[in-house]
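Modelling step: build the complete structure from the supplied sequences, incorporating the hints.
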Amino acid sequence: MIASYIPMFLIIAVGILLATVFFLGSTFLGPKQAKGAEHNTPYESGSESSGGRHVRLSVKFYLTAILFVVFDIEAVFLYPWGIKFRSFGWLGLVEMLGFLGVLVIGLVYCWKKGALEWET
Amino acid sequence: MEMSEAHAVLASARRARVDPHLSIKTYDPEADMMLLHFGPQHPSTHGVFRMDLHLDGEIVVKATPYVGYLHRAVEKLCEKLSYVMLTPIVDKNDYVAPMTNEQALNMAFEKLLGVEVPRRARWLRTILAELQRVASHLLWLGTFTLDLGGALGGGSTLFLHCFRERELILDLFEDLTGARFHYNTHTIGGNRHDLPAGFAAKVKQVVAVIEARLPEYAALSLDNGIFKARTTGVGVLDGDLALELGITGPVLRASGVDHDLRRDAPYHAYDELPVNVVVGHGGDCRARAEVRFAEMRESLRLVRDAIDGVPEGPINGYKPIRQPTMAKSTGGQVYVGIETPRGELGTFVIGGGDTPTSPYRLKIRPPSLHSLSALPYILPGQTVSDAVAILGSLDPIMGEVDR
Amino acid sequence: MNGLVHGAVYGGVIASVLLTTIAFGIWFERKFAGRMQSRLGPTIVGPFGLLQSVADVVKLLQKEDIVPRDADRPLFDLAPVLAALFSLGVAAVVPFSPTIIASDLDVGVLYILAVGGLMVIPTFMAGWASNNKFALIGGMRAIAQSVSYGVPLVLAVLVPVILSGTLSVSGIVTYQANHHWFLTWPVFIGVPAFAIYYMAMLAESNRIPFDIPEAESELVAGVTTEYTGAKFTLFYMAEYVHTLVGSAVGAALFLGGWDGPFAPGLHWMVLKTLVLFTVVYWVRWSLLRLRSDQLMVLCWKWLTPIGVLLVLGAAAWVQFVPGGFQ
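Residue numbers (numbering that gives the first Met the number 0), protein chains in the order written: chain A, 0 to 119; chain B, 0 to 402; chain C, 0 to 325.
If you're looking for bench data, these hints aren't it; they were derived computationally from the structure.
Cβ coordinates follow ideal geometry from the N, Cα and C atoms, glycine included.
Watch out, some of these pointers could steer you wrong.
[To be verified] Part of the chain C face toward chain A, derived, beta carbon under 10 angstroms:
1. A7
2. G10
3. V53
4. S102
5. G149
6. I161
7. L233
8. P304
In structure tokens, the structure reads:
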């Protein structure tokens, strides 16, 4: 079981090798960092940055995250059913219809409540 | 979701025509807002324009434009140089439509000095102005889609194609003046260069090529679903506010105000070559795009009509100027406004003074500056993406804004 | 043990070949874009400019490695490496021919969705760690976008799973080889499902018209604004690898993978992948960019409901037309 994941580790090794080569290459080929107070200021269109950068973010993003948790996780629950429902027959189809119905009702509810509106 | 308090304040400020900068103080900008400096070193601020955006999430709550990064003291320079030396100086103001800069300046000087322009020169100026309008609008279309689609996307495809067509017009100008961009072809009393042989045929060919390709560009922009979605209802500027802010040109006409100096106060040969003024409706980015598209078609038509009817005669009615000191003014003040691709470019000159060979004071009224003044009113409530689209749709040229 | 060595070798080979393909993929894209825009594209480095990507990498490595002041250094350095790893990781379960597959997982489809979904993490890490407002906005946009488009993606991928009754990618391809490609039959389910998959893939790999996380005309370079040199190169490559692997997955799930007449399977798989890859760039250099709220509306109000309908349709198809694939 674990053995079938060995190739993934090899691919990761190739990726790390690549990153190492790049980082080393950059160290040897790149110029040494210039000293200067302004050199490493964060880029903000040439103006001095003002105000906090890690501000609290709009609640819409959290709403999107919740929507993702609700719908994506539920959709993933459909996968085991998707490959097995042939053997369940009619009962499996009807049961899953109920499950999907709940999902759709949830989507319609979010829609009506305006949770899908990105703009305030 | 209901409108936040910030938006309500701004909406009422806009309705009441109050300066949004003042009314914004009713809530704390430190609280949950991000102050984003947008420019001067930004890919889509059309040069060195800067606006400070207060963002609530991605919604702009307050926008403060800053200009002046490209100030070159052109007006002061105009007080020091003589009248005939000034044409190439103002060429650099609106660096997308240099022809119209020259025309505005020289028309003001002609009025001040009481010089009559011969008919042929006036026709020539009309043709040059309209060709320049097409070139300028083409560049606007390219950069606008660049703002909407990015330099690494469909925007750059249209951008490069628009540049290809603009090249054709620049080639014509090169034929005429020898210069591709800063022409110095207008002088007091007329033009410096007469039409070269075969120019009319070339112009007609170029007009035909561009007219044939405009539908293709409309398909890539105006008729494209994403373009529609990005521009319809975005940055709505109503006509009253536009008039109050002194906005002119396509931006004003897109807001439904029927105003065009070419028809309302004809100069050049516009009294003989009437212009069908394009008026849009809606005042959003899409209306501004549609107006500019229609203006391109109208200008091409005008050029095609005018190029065959150019009257014979001299191209300069003034005494041949050999020395900078030959044009002298004893005093008086004049204002001349012409319709450039961006709106009313005004030149106000006071003659006389200690040195009669140079203006006592020269003031340029750049149309882009007035267009930009709409930003604090129309940006709030829009997203950052829209802010870029709106700025692009106003077609500001920082060279003339900052002078 | 033999299978282990086989898989390990293919894992390394596939990863290396992918990276090489990317170098020429970028060259191809630039030539393609050049032709679309009435210009030549790269011509100088090597024959037909073929070595342009090599020159670009060397140039990028020579750039100074800038870390912005107050940046979250560990996250800042780790983000591009993770991006490269995750984008390559998906390739492990993609079958390039009946035999050329690194790991024929029995839950391959779930693996693709899981590892592909991880791509948002380095993107947001970069946005957060850069201590830059443009990057932060880009990072937030990336999260909202990837997370939202995950839903239609999962639903669209469920359609071939239901139709074939297996979660193994090579199983799905084998099923298509024995019956029909899902794109062609049942066509009224396969075509929309493929369309949703393709759009979601464009969104997940941040390609125009869904490239709002890096939207260079608005956010300068989005999450990669503060990245230079080697780290930027890694991000850049990760994006292309993500697109290429996404195209390969699409080819395997909907276009029948290695199945095709006259030529060996590998040729067909590579051809289909490259066609999908090219269309990504065809779209990219033709269209403008959507706004983030329009993106969300498209995802939640169009793609997701249609996805649910397609899942139902696929289930009904299997239930009512048991012999529909013969």
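Each hint tested on the structure:
1. A7: Hint on A7 (chain C): holds, closest Cβ of chain A at ~5 angstroms, below 10 angstroms.
2. G10: holds, 3 angstroms
3. V53: violated, 12 angstroms
4. S102: holds, 4 angstroms
5. G149: Since the shortest Cβ distance to chain A is 5 angstroms, the answer is holds.
6. I161: Result: holds, 4 angstroms to nearest chain A Cβ.
7. L233: holds, 6 angstroms
8. P304: holds, 7 angstroms
The structure fails hint 3 only (numbered hints given earlier).
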